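> Okay, here's what each chain looks like letter by letter:
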Amino acid sequence: MTDLLRLATAGSVDDGKSTLVGRLLYDTKSVLADQLEAVERASKSADGEPDLSLLVDGLRSEREQGITIDVAYRYFATPRRSFVLADTPGHVQYTRNTVTGASTAALAVLLVDARHGVVEQTRRHAAVMALLRVPRLVLAVNKIDLVDYDESTYLTIAKEFRDHTAALGYAEDAVVTIPVSAKKGDNVVLESERTPWYDGPTLLDHLETVPVDGPDDAAPFRFPVQTVIRPRSAEHPDYRGYAGLVAAGSVSVGDEVVVLPDGQRTTVEGIDRYTASLSSASAGDSVVLRLAHDLGIARGAVLVAAASAPEPVTEFTATLAWLHDKPLTPGRRLLVKHGTHTVQAMITAVEDRLDIQTLALDADPGTLEINDIGHVAITVAEPLPLDDYDRVAATGSFLVIDPQAGDTLAAGLVGRPLVTTPVDA
Amino acid sequence: MTATLPTTGTDQLDVLESEAIHVMREVAGEFDRPVILFSGGKDSMLLVHLAHKAFWPAPIPFPVLHVDTGHNFDEVIAFRDAVVERYGLTLEVASVQDYIDDGRLSERADGTRNPLQTTPLLNAIADHRHDAVFGGGRRDEERARAKERIFSLRTAFGAWEPSRQRPELWNLYNGRHKPGEHVRVFPLSNWTELDVWRYIQREEIDLPSIYYAHTRDVFARDGMWLTSGPWGGPRDGEEVITKTVRYRTVGDGSCTGAVESTATTLDEVLAEVRESRLTERGATRADDRLSEAAMEDRKKEGYF
Numbered sequence: 161m162t163d164l165l166r167l168a169t170a171g172s173v174d175d176g177k178s179t180l181v182g183r184l185l186y187d188t189k190s191v192l193a194d195q196l197e198a199v200e201r202a203s204k205s206a207d208g209e210p211d212l213s214l215l216v217d218g219l220r221s222e223r224e225q226g227i228t229i230d231v232a233y234r235y236f237a238t239p240r241r242s243f244v245l246a247d248t249p250g251h252v253q254y255t256r257n258t259v260t261g262a263s264t265a266a267l268a269v270l271l272v273d274a275r276h277g278v279v280e281q282t283r284r285h286a287a288v289m290a291l292l293r294v295p296r297l298v299l300a301v302n303k304i305d306l307v308d309y310d311e312s313t314y315l316t317i318a319k320e321f322r323d324h325t326a327a328l329g330y331a332e333d334a335v336v337t338i339p340v341s342a343k344k345g346d347n348v349v350l351e352s353e354r355t356p357w358y359d360g361p362t363l364l365d366h367l368e369t370v371p372v373d374g375p376d377d378a379a380p381f382r383f384p385v386q387t388v389i390r391p392r393s394a395e396h397p398d399y400r401g402y403a404g405l406v407a408a409g410s411v412s413v414g415d416e417v418v419v420l421p422d423g424q425r426t427t428v429e430g431i432d433r434y435t436a437s438l439s440s441a442s443a444g445d446s447v448v449l450r451l452a453h454d455l456g457i458a459r460g461a462v463l464v465a466a467a468s469a470p471e472p473v474t475e476f477t478a479t480l481a482w483l484h485d486k487p488l489t490p491g492r493r494l495l496v497k498h499g500t501h502t503v504q505a506m507i508t509a510v511e512d513r514l515d516i517q518t519l520a521l522d523a524d525p526g527t528l529e530i531n532d533i534g535h536v537a538i539t540v541a542e543p544l545p546l547d548d549y550d551r552v553a554a555t556g557s558f559l560v561i562d563p564q565a566g567d568t569l570a571a572g573l574v575g576r577p578l579v580t581t582p583v584d585a
Numbered sequence: 003m004t005a006t007l008p009t010t011g012t013d014q015l016d017v018l019e020s021e022a023i024h025v026m027r028e029v030a031g032e033f034d035r036p037v038i039l040f041s042g043g044k045d046s047m048l049l050v051h052l053a054h055k056a057f058w059p060a061p062i063p064f065p066v067l068h069v070d071t072g073h074n075f076d077e078v079i080a081f082r083d084a085v086v087e088r089y090g091l092t093l094e095v096a097s098v099q100d101y102i103d104d105g106r107l108s109e110r111a112d113g114t115r116n117p118l119q120t121t122p123l124l125n126a127i128a129d130h131r132h133d134a135v136f137g138g139g140r141r142d143e144e145r146a147r148a149k150e151r152i153f154s155l156r157t158a159f160g161a162w163e164p165s166r167q168r169p170e171l172w173n174l175y176n177g178r179h180k181p182g183e184h185v186r187v188f189p190l191s192n193w194t195e196l197d198v199w200r201y202i203q204r205e206e207i208d209l210p211s212i213y214y215a216h217t218r219d220v221f222a223r224d225g226m227w228l229t230s231g232p233w234g235g236p237r238d239g240e241e242v243i244t245k246t247v248r249y250r251t252v253g254d255g256s257c258t259g260a261v262e263s264t265a266t267t268l269d270e271v272l273a274e275v276r277e278s279r280l281t282e283r284g285a286t287r288a289d290d291r292l293s294e295a296a297m298e299d300r301k302k303e304g305y306f
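Same order as they appear, the protein sequences are chains A and B. To get this note's numbering, take the position in the first sequence, counting from 1, and add 160. To get this note's numbering, take the position in the second sequence, counting from 1, and add 2.
Just so you know, the hints here were simulated from the structure itself, not pulled from any lab data. Hints should not be assumed to be uniformly reliable.
With beta-carbon atoms standing in for the labels, derived distance ranges [unchecked claim]:
no., chain 1, residue 1, chain 2, residue 2, range
1, B, 93, A, 515, 54 to 64 Å
2, A, 394, B, 242, 48 to 58 Å
3, B, 92, A, 525, 50 to 60 Å
4, B, 100, A, 471, 43 to 53 Å
5, A, 436, B, 166, 39 to 49 Å
6, B, 183, A, 393, 56 to 66 Å
7, B, 100, A, 279, 55 to 65 Å
Straight-line distance between alpha carbons at most 20 Å, and here's what the computed SDA-like set of lysine to any residue pairs gives [said to hold, decoys possible]:
no., chain 1, residue 1, chain 2, residue 2
8, B, 55, A, 437
9, B, 180, A, 565
10, B, 180, A, 434
11, B, 302, B, 223
12, A, 189, B, 276
13, A, 189, B, 278
14, B, 55, A, 563
15, B, 55, A, 388
16, A, 189, A, 238
17, B, 55, A, 562
18, B, 55, A, 564
19, B, 180, A, 504
20, B, 55, A, 390
21, A, 189, B, 277
22, B, 55, A, 567
23, B, 180, A, 564
24, B, 180, A, 563
25, B, 245, B, 76
26, A, 189, B, 245
27, A, 189, B, 163
28, A, 189, B, 272
29, B, 55, A, 434
30, A, 189, B, 104
31, B, 55, A, 395
32, B, 55, A, 394
33, B, 55, A, 351
34, B, 55, A, 440
35, B, 55, A, 238
36, A, 486, B, 278
37, B, 180, A, 567
38, B, 55, A, 486
39, B, 180, A, 189
40, B, 55, A, 565
As the structure is a prediction and not an experimental result, all values here were calculated from the model. All C-beta atoms in this analysis are idealised placements derived from N, C-alpha and C, irrespective of residue type, glycine included.
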């Protein structure tokens, strides 16, 4: 058994994020010889040290411009834990990628340059993490060497960040701040002697020991049906199973379930994972459920616990993170993909838009543009069994899709999961 | 359906398996004509194994497509045919040799055929009207791959446009595409080479024999051990010697190098992968060494 931490990193341009990730890979010996040689060959650094950011800037245009354009996924392991790291770009027009990385992360590392402190991008990234309910945050105050390892500079930045994250609803113990130099290696993997005033963990220590929150056992059972398995073969003439990934909660043989949106009730007769029959399955398991009744269930249906079935709705309030260059046009026909069901939809009103700096809500903005976060009213053509995102994220999330171009326009979260306290800008 | 097992769920391999199966079932639910790219190599064999588990007891609902460079290892072709037979698959073959024979492609000066695969691949996708194409690519293989989505849209010309990639949120995959476009799907995106070998061991998956140590006549070129075949042999001054080797990847015979190894069993291969200080592509693929951006350029043209 190995445990796995999925994390995301975010920072603004030139914070040295790629160098930090490169440093993590390098100091955990996750960089293999040929990769390092390739970096040394391509390295343009004047001081003769390998430029560790080249380990992670994958695309030619990124290397040429010296910035990270797209989310890159990195894999590294220590004896204590395996990590999947979504390295997300800081440049303002790529904030959509921060949303992508954050949507699957259990922890986010935000970077600031110690010389500049908390900037607009830091506030934006923290707001995105709070919106998507990333459970834990780390602030890496990078380039601490360039402020001569000055404690008071670090403390000022740390306090400003803590004030901001508290306003976003983060508890104090969910946020850790660490002074680092990715370039020199201070407090990334190895403890630094140049920050004697800092007695907290190194970044890697923290990543290795921070608790990973497993699936929420108390969450209600949710199971979007992906496909119906019906072999009609000589060996399995009557087999009929509903394949899917348990999105939330758990299910056991004998449980009563409701099929939404139609509302029929039936009982789980069997849970198959390939040839094995299971007594139960929980969030994250890809399984096939066999039911007591043949109810004509198809892809798009959601099986839920009978005791906690949501009422399917056609009108609801949601929070959108707008991700596309093309702004939102209220009243335009769109698609909403919820679980395994894609339905026609229309955004009827934009209620307000979040001011990232002050965390205040500006009423009636009329539209949402790329990188905006706001609350909208949505009408869908068929009833959807929605949960509030802050209660069941897996069935409280959806995509907004352009029906013509096919592009993903927005990340949708049912309800108002972001609770903020406005602060003085 | 004999044993009743307790559910596990936090082991890394279970997480990766569930994710890959979820991806395959999404494709089955949302696309009309998916296909699995199948070379007989370990990653594509893993795709077939996962598809078998994802749809059991129904048969795998996808055909397989082999882009055949003509530079094959006999063991791999025999293995490919045995797998097709065992799972009752439909095999489609796109033959680089046919394209060379009728003049649609010409042999490169270096004799390497990996870059020539793109045209037959794209034509086969168009001819069969495939709208989803499963590949065994992993993000740990190479820097350009590290940036690719699990559902990766390709234009009508098969091109990957990194700046236009769709954000991939939660596990909600957007497979919308226009007529003529298709989506490359990478269910093994989050696996590492070590995960692949651990899973092969756990699931007792058969592989072509060349993945295990054997004796072979080889010659050194560009720091790799190449073997003679229909693609040619040693040049003047390249000495042929007999060595105990195995392959970490299976590709075009002219540019796939063997590594020195005595690992004849899965346990020994696993131990070797754990110890290795080279990525599998760096160790064994001459085509990825062509330039710093070799993979990025080929992917933009429509390569795997």
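> Against this structure, judge whether each hint is valid.
Results for each hint:
Remark: the range hint 54 to 64 Å for residue 93(B) to residue 515(A) is upheld by a beta-carbon distance near 58 Å. Between residue 394(A) and residue 242(B) the beta carbons are some 53 Å apart, a value that agrees with the proposed interval 48 to 58 Å. The given range of 50 to 60 Å is respected by residue 92(B) and residue 525(A), whose C-beta atoms sit roughly 53 Å from each other. Restraint check, residue 100(B) to residue 471(A): a C-beta distance of roughly 59 Å breaks the suggested window 43 to 53 Å.
For the pair residue 436(A) and residue 166(B), the supplied restraint of 39 to 49 Å holds, since their beta-carbon distance comes to about 42 Å. Judged by the Cβ atoms, the range 56 to 66 Å given for residue 183(B) and residue 393(A) is violated: they are separated by roughly 35 Å. For residue 100(B) and residue 279(A), the hinted distance range of 55 to 65 Å is satisfied, since their beta carbons lie about 58 Å from each other. Note on residue 55(B) and residue 437(A): the hinted pairing holds, with a Cα-Cα distance of about 13 Å set against a maximum of 20 Å.
Pair hint residue 180(B) plus residue 565(A) holds up; C-alpha atoms about 7 Å apart against a cutoff of 20 Å. Pair hint residue 180(B) plus residue 434(A) does not hold up; C-alpha atoms about 34 Å apart against a cutoff of 20 Å. The straight-line distance between the Cα atoms of residue 302(B) and residue 223(B) is roughly 28 Å, outside the 20 Å bound, and the hint therefore fails. Of the supplied pair hints, the one linking residue 189(A) and residue 276(B) holds, its CA atoms being roughly 12 Å apart against a limit of 20 Å.
With a C-alpha separation of about 12 Å, the suggested pairing of residue 189(A) with residue 278(B) holds against the 20 Å cut-off. As the CA atoms of residue 55(B) and residue 563(A) are separated by approximately 33 Å, the hinted pair breaks the 20 Å bound. In summary, the hint linking residue 55(B) to residue 388(A) is supported, as the alpha carbons are separated by about 14 Å, within the 20 Å threshold. Using a Cα cut-off of 20 Å, the hinted pair residue 189(A) and residue 238(A) holds, with the two alpha carbons roughly 9 Å apart.
A threshold of 20 Å between alpha carbons decides the hint, and for residue 55(B) with residue 562(A) the separation of about 34 Å lies outside it, so the pair is violated. For the given pair, residue 55(B) sits about 35 Å from residue 564(A) by alpha-carbon distance, which is inconsistent with the 20 Å threshold. For the hint linking residue 180(B) to residue 504(A), the alpha-carbon distance of about 18 Å falls within 20 Å, and the restraint holds. Taking the CA atoms of residue 55(B) and residue 390(A), the gap is about 14 Å. The hint holds against a cut of 20 Å.
Note on residue 189(A) and residue 277(B): the hinted pairing holds, with a Cα-Cα distance of about 11 Å set against a maximum of 20 Å. Restraint check: the Cα-Cα separation between residue 55(B) and residue 567(A) comes to about 31 Å, which exceeds 20 Å; the hinted pair is violated. The straight-line distance between the Cα atoms of residue 180(B) and residue 564(A) is roughly 8 Å, inside the 20 Å bound, and the hint therefore holds. Between residue 180(B) and residue 563(A) the alpha-carbon distance is near 10 Å, which keeps this suggested pair within the 20 Å criterion.
A threshold of 20 Å between alpha carbons decides the hint, and for residue 245(B) with residue 76(B) the separation of about 19 Å falls inside it, so the pair holds. Taken as a hint, the residue 189(A) and residue 245(B) pair is broken in the structure, with Cα atoms around 30 Å apart against an allowance of 20 Å. A threshold of 20 Å between alpha carbons decides the hint, and for residue 189(A) with residue 163(B) the separation of about 32 Å lies outside it, so the pair is violated. Taking the CA atoms of residue 189(A) and residue 272(B), the gap is about 18 Å. The hint holds against a cut of 20 Å.
A threshold of 20 Å between alpha carbons decides the hint, and for residue 55(B) with residue 434(A) the separation of about 5 Å falls inside it, so the pair holds. The straight-line distance between the Cα atoms of residue 189(A) and residue 104(B) is roughly 50 Å, outside the 20 Å bound, and the hint therefore fails. Taken as a hint, the residue 55(B) and residue 395(A) pair is honoured in the structure, with Cα atoms around 16 Å apart against an allowance of 20 Å. In summary, the hint linking residue 55(B) to residue 394(A) is supported, as the alpha carbons are separated by about 19 Å, within the 20 Å threshold.
Under the criterion of a C-alpha separation no larger than 20 Å, the hint pairing residue 55(B) with residue 351(A) is inconsistent with the structure, at around 46 Å. For a cut-off of 20 Å, the pair hint linking residue 55(B) to residue 440(A) stands: about 18 Å separates their Cα positions. Distance hint between residue 55(B) and residue 238(A) is unfulfilled; the C-alpha atoms sit about 31 Å from each other, more than 20 Å. Pair hint residue 486(A) plus residue 278(B) does not hold up; C-alpha atoms about 47 Å apart against a cutoff of 20 Å.
Taking the CA atoms of residue 180(B) and residue 567(A), the gap is near 11 Å; set against the 20 Å cutoff, the hint holds. In summary, the hint linking residue 55(B) to residue 486(A) is not supported, as the alpha carbons are separated by about 41 Å, beyond the 20 Å threshold. At roughly 44 Å between alpha-carbon atoms, residue 180(B) and residue 189(A) are farther apart than 20 Å, so this suggested pair is violated. A C-alpha spacing of about 34 Å is found between residue 55(B) and residue 565(A), which places the hinted pair above 20 Å, so the restraint is violated.
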